[in-house]
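There are 2 protein chains.
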Amino acid sequence: MENLKSYIQENKDRFLEELFGLIRIPSISSLSEHKADMVKTAEYWKELMLKAGADRAEIMPTAGNPVVYGEKIIDKSLPTVLIYAHYDVMPVDPLDLWESPPFEPEIRNGKIYARGADDDKGQSFMHAKAFEYMVKTGNLPCNVKFMIEGEEEVGSPNLGKWCAENKELVKADIILVSDTGMIAPDIPSITTGLRGLSYWQVEVTGPNRDLHSGLFGGGVANPINVLSKMIANLTDANGVIQIPGFYQDVLDVSMEERTLLGKAPFDLEEYKKAIDVKEVAGEKGYTTMERTGIRPSLDVCGIWGGYTGEGAKTVLPSKAYAKISTRLVPNQDNEKISLQFKEYFESVAPDSVKVEVTPLHGGQGYVCPIDLPAYKAAEKAYEKVYNKKPVPVRSGGSIPIISTFEEVLGIKSVLMGFGLESDAIHSPNENFPLEQYFNGIETIPYFYQYFAEMMKK
Amino acid sequence: MENLKSYIQENKDRFLEELFGLIRIPSISSLSEHKADMVKTAEYWKELMLKAGADRAEIMPTAGNPVVYGEKIIDKSLPTVLIYAHYDVMPVDPLDLWESPPFEPEIRNGKIYARGADDDKGQSFMHAKAFEYMVKTGNLPCNVKFMIEGEEEVGSPNLGKWCAENKELVKADIILVSDTGMIAPDIPSITTGLRGLSYWQVEVTGPNRDLHSGLFGGGVANPINVLSKMIANLTDANGVIQIPGFYQDVLDVSMEERTLLGKAPFDLEEYKKAIDVKEVAGEKGYTTMERTGIRPSLDVCGIWGGYTGEGAKTVLPSKAYAKISTRLVPNQDNEKISLQFKEYFESVAPDSVKVEVTPLHGGQGYVCPIDLPAYKAAEKAYEKVYNKKPVPVRSGGSIPIISTFEEVLGIKSVLMGFGLESDAIHSPNENFPLEQYFNGIETIPYFYQYFAEMMKK
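Line by line, the protein sequences are chains Z and Y.
First residue of the first sequence? That's 2 in the working numbering, and the numbers climb one at a time after it.
First residue of the second sequence? That's 2 in the working numbering, and the numbers climb one at a time after it.
Because identical chains share one entry, a pair is satisfied inside a single copy or across any pair of copies.
In silico DSS-like links for lysine-lysine, alpha-carbon gap of 27 Å or less:
1) K230 - K274
2) K52 - K36
3) K230 - K314
4) K355 - K314
5) K73 - K413
6) K413 - K77
7) K36 - K314
8) K320 - K230
9) K162 - K314
10) K73 - K377
11) K274 - K314
12) K355 - K279
13) K36 - K47
14) K230 - K355
If you are wondering where the hints come from, they were derived from the structure by calculation, not from laboratory data.
Source: prediction; values computed, not measured.
Could you put together the complete structure from these sequences and hints?
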């Protein structure tokens, strides 16, 4: 593949122009007024696949936004790589914080600024272009399938069912995903673990209406005071979650593996400075990276109740609400945890209030073993381009669909991410460095090459 | 005063029409668009006083809405009664819950329905009409002064200063106020105690921006979790407030007085049913009436932070807020408590967050001794009309200006209220029973008579 670098160099402008065309369609999946844009984006992807050399590409309906499926089967005896990506993006508000319009991509300081520049239009596009290179130059060593969905940012509500219905169609040896990040441009890394998630809304009802806090205060349970106590009791002073049975299925990570994970570069002072906190906090006995990588956590994502306007209104409110989430580690089952929490939280409510817990969302965790051939292939591919062996990292985040793939299709995923922390995904001024974009296009064909070699053995 | 009943009977319709005229002016003090209505209402009161027989009535400016002052001095050697009331009312939203327009008084089921029907237009108007009766029929045994303010519903920000500047003008032997309620139409009662108040807003800041709860959750303090713990720790399992020194100045009420207070009729089952709670809650060792009457309390009036919209957004928020208030009992100083809380709450914040406490509001408690001549006179007056000796009750509510009168003017107040729990003051469909309105007009002249007799001794 000695012509890889020059192919990229020669087609640089076109690779950008074609990406910009994809970005310019405002495919915000959570806003129904963009329904037509979702279809337009799917069509753009279909054309892209065919032009790059796919034998077949089609837009396949789901109950929500369609899935774009494409493939090039060169030899059934060769290994098959299934690319998963998403063509939908997050909303753009607050719009006034953007320095350039979110759907008019602009290059500044060597970065592409736009909604979707990284997540996931920029990262998914690298796969289209790497595929094009391999087809056009006769360097394709595997069969390739594409599965591009339009609902990742709203929790992939329909892709699991679609996979179950199209199990034969998407059959593959490995799923390749670029929707994560790496530590720094000079420290390549591969995400080997994702946390699972359970998310609830809780509603605490005290009196049947807002009461005068003077006339009733002290004599009637205040739902905000009660909710605060209930939330407080969910964790102890050491940051240990108190839901009975919560840690039951947590596989303790060996000291050996913890030592290895501890080798990933991490500067606590820089970390604290970046988010402007004097001290970090978390479960006793674990480092910050362990707390967010290999341990479960519990966060209140939102809370509200009573009077929240200006000034002093004296009220003993009728209701208080919170959105509570836990991040789970592999082997913890989100549905089991979801039920455990609901039962526990409702059971510890004092008689003076009514408590109702509604599960809102959930997903399993995921682990990619570092001795998997596909992981080894990815490792070698990064090393070829970045001249450094990538570090395996456990991410605290969740991509629930990845564990669904394992469950439904029985296929492992390798998360070859090229994003950076500074890319501001989901935020104003999302960006993607040109260097990462072109390095990604260069890295991917090596993955195919090494993966094909390893699978031959 | 054998003609009292017949005077009321003959003038019934006019008494209602004149009150309705007052009610029709939408004098909402918290909304600046009603500025002109405040002046109109003050003018209406001035005319009312003069027509009823005052020697003098004038509208006196303050930094906010004016005070209407009026007087009739019949003999400097006679005792002087100062009437305090307010001509402003609360806002009316939610408007769609009103069964008739709030500023178009309507009589249904023997009640006047309108904003201000009770609080305080209906109740204050009884004093104007009782005064008219005494003047017109030669039954006035005391000098009378009126001090009607227009900012009670926004915390009387200017009346303290106005009193200090007009100390000589408003000099009196007793302040008479009808701005409270009684237990039931057949159980007259007089409020002898009011709680004080301290109110703060607290702001807890964790990271400098909202973080991804997956990537950071478990490693960085979540301000909502921290705030919940801090609120939880403000009271112990027995409902005892944990702010150091908080109870220092609380005068314990003797068992004897508690026994007396316990004689006020109170049905716990009815109370729980009315607000639809299975159990009441509060400080251990005290009854519900004691918890709200003679003991301080702590309520979170509002809380907010993070994501409060629909569905599941995974965020580790930057900030969390709460509005926290305490009701204080007589002898607790609200300014001392305000400082104590601020120092304590900020000092117990963990290093992982920043906490800022802003005092928003405060007021002293008040006690009216039941051996005060004016109290005895009020007691006899109620007994005359209601054929029952009124019960002394300690209210959990606060009327901060009442303690200000004591501090600034050195004059005690007697709270002759005729409102009922069902009057829905501050709420949609505020109302005032016609029976209470006319009974009030009948009761007040007896107060003057008995008070004059007692002061002669």
